[in-house]
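Protein chains in written order, with this note's numbering: chain A, 795 to 1283; chain B, 795 to 1283.
Keep in mind that the hints were calculated from the coordinates and are not lab data. Certain hints may be false.
When chains are identical, the list treats them as one kind, so a pair holds in a single copy or across two.
35 Å max Cα-Cα, derived DSBU-like pairs, lysine-lysine [as the list claims (entries may be wrong)]:
#, residue 1, residue 2
1, Lys1163, Lys817
2, Lys1015, Lys1133
3, Lys1163, Lys1125
4, Lys809, Lys1195
5, Lys1209, Lys1066
6, Lys1122, Lys1205
7, Lys817, Lys1015
8, Lys809, Lys1167
9, Lys817, Lys1066
10, Lys859, Lys1015
11, Lys809, Lys1205
12, Lys957, Lys1125
13, Lys1163, Lys859
14, Lys1125, Lys1012
15, Lys1012, Lys823
16, Lys1133, Lys809
17, Lys1209, Lys823
18, Lys1133, Lys1012
Everything numeric in this text was worked out from a predicted model, so none of it was measured.
2 protein chains.
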Amino acid sequence: MIALETGQDWQPIVKEFEAIVGKNGVVRKREELLVYECDGLTSYRERPAVVVLPRTTEDVAAIVKVCDRYRVPFVARGSGTGLSGGALPIENCVLIVTALMRQILSVDLENQRVVVQPGVINSWVTQAVSGAGFYYAPDPSSQIICSVGGNVAENSGGVHCLKYGVTTNHVLGLKVVLPDGAIVDLGGDLPEMPGYDLTGVFVGSEGTLGIATEITLKILKTPESIRVLLADFTSIEAAGATVSDIISAGIIPGGMEMMDNMSINAVEDVVKTNCYPRDAEAILLIEVDGLEVEAEVNAQRVAAICRQNGARNVAIATDLEDRLTLWKGRKAAFAAMGKMSPDYYVQDGVIPRTSLEYVLREIEALGAKHGYKVANVFHAGDGNLHPLILYNNAEPGALEKVEELGGEILKLCVKVGGSISGEHGIGADKRCYMPEMFTSADLETMQWVRQAFDPHGIANPTKIFPTPRTCGEAARSAPSQAIAGVDRF
Amino acid sequence: MIALETGQDWQPIVKEFEAIVGKNGVVRKREELLVYECDGLTSYRERPAVVVLPRTTEDVAAIVKVCDRYRVPFVARGSGTGLSGGALPIENCVLIVTALMRQILSVDLENQRVVVQPGVINSWVTQAVSGAGFYYAPDPSSQIICSVGGNVAENSGGVHCLKYGVTTNHVLGLKVVLPDGAIVDLGGDLPEMPGYDLTGVFVGSEGTLGIATEITLKILKTPESIRVLLADFTSIEAAGATVSDIISAGIIPGGMEMMDNMSINAVEDVVKTNCYPRDAEAILLIEVDGLEVEAEVNAQRVAAICRQNGARNVAIATDLEDRLTLWKGRKAAFAAMGKMSPDYYVQDGVIPRTSLEYVLREIEALGAKHGYKVANVFHAGDGNLHPLILYNNAEPGALEKVEELGGEILKLCVKVGGSISGEHGIGADKRCYMPEMFTSADLETMQWVRQAFDPHGIANPTKIFPTPRTCGEAARSAPSQAIAGVDRF
């Protein structure tokens, strides 16, 4: 008998779930629920009341209808790799896990579309079509474990989003279970559909508008040729100026990543690529792609711009093996950082490219003020920073101090005209910073849309929007919760 | 004294408008209202009760607040070139015309952004930045007269949208006056913003969610080099197969347009380009752009694919003058058609590229069945058809028959997995076909969002969504209007 703090009797709800997905599809033992307590944002934890594992759209609709009838909140979860707590359970919630929804439903090479269930792993999409010369562009670092459903919820990015855009640019249509259990189709098979673009609203809505159960993705032709350049600089400024100059020259690299000295040394300590110079203040990894002639010409143009900005060395890799060697350190950077420091806190902010030098200097100063080292590994072309704050969670109060530093970095991003999130979402982690970017009227408008989808507020409530409960700062400036009490209709 | 059929006393409303924009900013004489009776869809006409011409966001907000207070509907209008009746006045409405909102508010070349008022003409944006090597990509045929605000409302496309996307892909942020007069910011300066993507919902919402008063556009670097190819074919099938083969080869042309024999001859009769062969069953105009080497290699690849598919001749133009000559006939095609026939009705549908040959044959058969000639000039690369039905409006009942034929063409598009609109919007013209593409649950979901923005239904009501009032067919299958009576909250 499961009876939780609120007095909710879960027995009849669990029985209904078992009737839908079978006893094996329902998890309710305390020890088994443990693994669902958090997602990639491990500093927040909350145990769900029950976990349900559907296999089909109809399963999800039936489960959600039960939640709607009992007015219990539900949270959707893919692989649980999200870094902002979007899939963090809330108290007394039903956690709907898509781990058994892993079918690739259709592949249409002629029209460059693939339809998948939400539990399908990101890299499987490319694997399914690469033999025919296609790929799926959005490539979060976690792509070998993260789910497409989670990517849709968080509007995930990746290294190649500079040229090809984030998840929302690659989702054509969605079959969605709304918070009342209705099944609707948003978008469709075509790039543009008549009526309101609700696909765009849904992508990045972090599970607050319903659950996507079928996702139609756009796939791209694999480029004929790729070059990867590694350029090293004796100053962050020179590397930053190089990034701006490349874009100003009209070149849009497939990816353009920067790593600072601390990251370079962490990577070389652990991964030993032997190609990242330990004495460089910054390196740039730049990938150019397209026709063979295009990749070659652009590689030479990029190399020239790097040298004009004082790069000491510029290596150009053409063969797949050489390219993977150059990328290896970047891909392993977060893991390497984990070996350098007992704990690290990764932040995700965006700035205009033109503020790169200023912001990196300020981040260093903020780190020094708080007594923490901050390493920088990031998508330089998009201005999407990932400052990694190194700390030791064993020190009392360290996490709070680190979160404060992280918050100051986000405010710095907003100050220069940037954003509090580039590709990790808002989730539970950053909702208190939303008023930094939006007026109360802006946030209210979003909340009206939320209510249009979810009038009873049972779909992943407490995420995205600031609430006075959890965030003292937001309580002053965020009237968005007031909308819950406003009768607009 | 203006007192209309409904008994609405307009005098106090007009006085309030005059207080906001001055007497010169308010039009209420019958003869002056005449020009506002229709937009580009000239077969529908309705006189507005009053026309107001604001200059600023604050003017618009004040005007809309008056409308909200008196509960009178308002319709926004840019240049009035829309082809689906999106800016068609409705009975006893206030028409808010953005013709005096024509300031380019800021140009930020470094971050590739331009902020404009909604009345700014599409081509002015490119003119403002072309000297510095930039351009604004969406290029509707009407780009020298249509407004950016209208482009946002209708999510306009154009020749170059195959490679670069339609308006929604180029709008970063919007300042919007909501239907209650509140001013909010949707999106912002960055490609991705946290929270719901309401910019995406607003673009293409045809004035039903509010009025955009400041629009932040993304501008692109002008490509280094451009080639335009003209290939002529002895069959539509061969031209269609060429289109598919070019895309399958991984080439994304800047534009890929097809014209059939009737269009070719109409153009040569009127424009006399002397380069479109009159005996060709179809021609393709294909533009490739990028680096000089890339444009050259792709032009040769495209030419080879055209020849493999039986093209009789392939001309390649590199110089600006030669390129403009090749484009001249295409750009003048609609006007030429107007000289060939007393009237023409232009339809706008989308099909998967792979259905091109089948659909063009079916359109010809449908035309023959109804006794009308149908010319085809269209964006072949996107599968975005523009069948032009030639008719004489002086014949009694002709328009009704032509509209019926147009409707059958749209249903054909839907049948093969396409869409009832590519770039002209739904407006007043096509709302009755929405149930062909969407279930009632899909349409209800859109209507909930509409209500979230516009609870009193005063922003361009009767557009987009099917209503039993105007469309017998839709009345059977479209329960979407029922939502107006549903209390969701």
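Checked hints:
1. Lys1163 / Lys817: This pair counts as neither: shortest intra-copy Cα distance 54 Å, inter-copy 60 Å.
2. Lys1015 / Lys1133: neither (38 Å within a copy, 43 Å between copies)
3. Lys1163 / Lys1125: Classified as within: same-chain Cα gap 30 Å, cross-chain 62 Å, threshold 35 Å.
4. Lys809 / Lys1195: Result: close neither inside a copy nor across copies, 45 Å intra and 59 Å inter.
5. Lys1209 / Lys1066: Neither: 38 Å inside a copy, 57 Å across copies.
6. Lys1122 / Lys1205: Cα proximity of Lys1122 and Lys1205: one copy only (32 Å, versus 52 Å across).
7. Lys817 / Lys1015: Neither: 43 Å inside a copy, 58 Å across copies.
8. Lys809 / Lys1167: neither (51 Å within a copy, 64 Å between copies)
9. Lys817 / Lys1066: neither (48 Å within a copy, 76 Å between copies)
10. Lys859 / Lys1015: neither (40 Å within a copy, 50 Å between copies)
11. Lys809 / Lys1205: neither (47 Å within a copy, 46 Å between copies)
12. Lys957 / Lys1125: both (18 Å within a copy, 31 Å between copies)
13. Lys1163 / Lys859: Neither: 51 Å inside a chain and 49 Å across chains, both beyond 35 Å.
14. Lys1125 / Lys1012: Close inside one copy (25 Å) and across copies (31 Å); limit 35 Å.
15. Lys1012 / Lys823: neither (40 Å within a copy, 52 Å between copies)
16. Lys1133 / Lys809: Answer is neither: 45 Å inside a copy and 72 Å across each miss the 35 Å cutoff.
17. Lys1209 / Lys823: So Lys1209 and Lys823 fail the 35 Å test inside a copy (47 Å) and across (50 Å) alike.
18. Lys1133 / Lys1012: This pair counts as neither: shortest intra-copy Cα distance 37 Å, inter-copy 41 Å.
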